[in-house]
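According to the numbering used here, the stretch in the sequence shown is residues 1 to 101, in order.
Misleading hints may appear alongside valid ones.
[Unchecked claim] With a Cα cut of at most 20 Å, we get these calculated SDA-like pairs of lysine to any residue:
| # | residue 1 | residue 2 |
| --- | --- | --- |
| 1 | 22 | 11 |
| 2 | 22 | 33 |
| 3 | 22 | 58 |
| 4 | 22 | 68 |
| 5 | 22 | 75 |
| 6 | 22 | 65 |
| 7 | 22 | 69 |
| 8 | 22 | 5 |
| 9 | 22 | 10 |
| 10 | 22 | 56 |
| 11 | 22 | 54 |
| 12 | 22 | 38 |
| 13 | 22 | 47 |
| 14 | 22 | 50 |
| 15 | 22 | 53 |
Note that these hints are calculated values from the structure, not bench results. Please read all numbers here as calculations on a predicted model, not as lab measurements.
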Amino acid sequence: MDTLQTRLQELEAERDQLAAEKAARDRADAVTAVVRRFHYISEGIVQALPEDLPADRVEAVAAAINQAMHAAVNPPGIGRGGLTPYEERRATWDGLFRSAL
């Protein structure tokens with residue numbers, strides 16, 4: 001009976017070790033996929049995220065960072081939204097109040 005209990009503990013320890021190895025491989029695969037998919041995301045950024053963060057949350061964070069970096073690198077300018085150059089300038093309080101109405 002004692003040998004069965006010992007063998008059972010060994011098998012449980014081996015199962016836990018295999019599960020940890022699989023989780024590490026899955027995390028590495030998720031990191032590789034996220035880095036490959038998003039232009040502004042590096043492996044270091046993804047590795048800095050918490051280890052227990054689910055893969056879908058890692059992708060959501062990477063997408064948000066990627067979008068913010070894209071907006072910072074490519075600010076809106078003429079022809080890309082924002083104010084048009086021929087629009088009346090509202091640098092006075094009166095103009096700001098009128099534009100808010």
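These are the hints, each one checked on the structure:
no.: 1; hint: 22 with 11; verdict: 16 Å, holds
no.: 2; hint: 22 with 33; verdict: 16 Å, holds
no.: 3; hint: 22 with 58; verdict: 18 Å, holds
no.: 4; hint: 22 with 68; verdict: 32 Å, violated
no.: 5; hint: 22 with 75; verdict: 42 Å, violated
no.: 6; hint: 22 with 65; verdict: 27 Å, violated
no.: 7; hint: 22 with 69; verdict: 32 Å, violated
no.: 8; hint: 22 with 5; verdict: 26 Å, violated
no.: 9; hint: 22 with 10; verdict: 18 Å, holds
no.: 10; hint: 22 with 56; verdict: 17 Å, holds
no.: 11; hint: 22 with 54; verdict: 14 Å, holds
no.: 12; hint: 22 with 38; verdict: 24 Å, violated
no.: 13; hint: 22 with 47; verdict: 17 Å, holds
no.: 14; hint: 22 with 50; verdict: 17 Å, holds
no.: 15; hint: 22 with 53; verdict: 15 Å, holds
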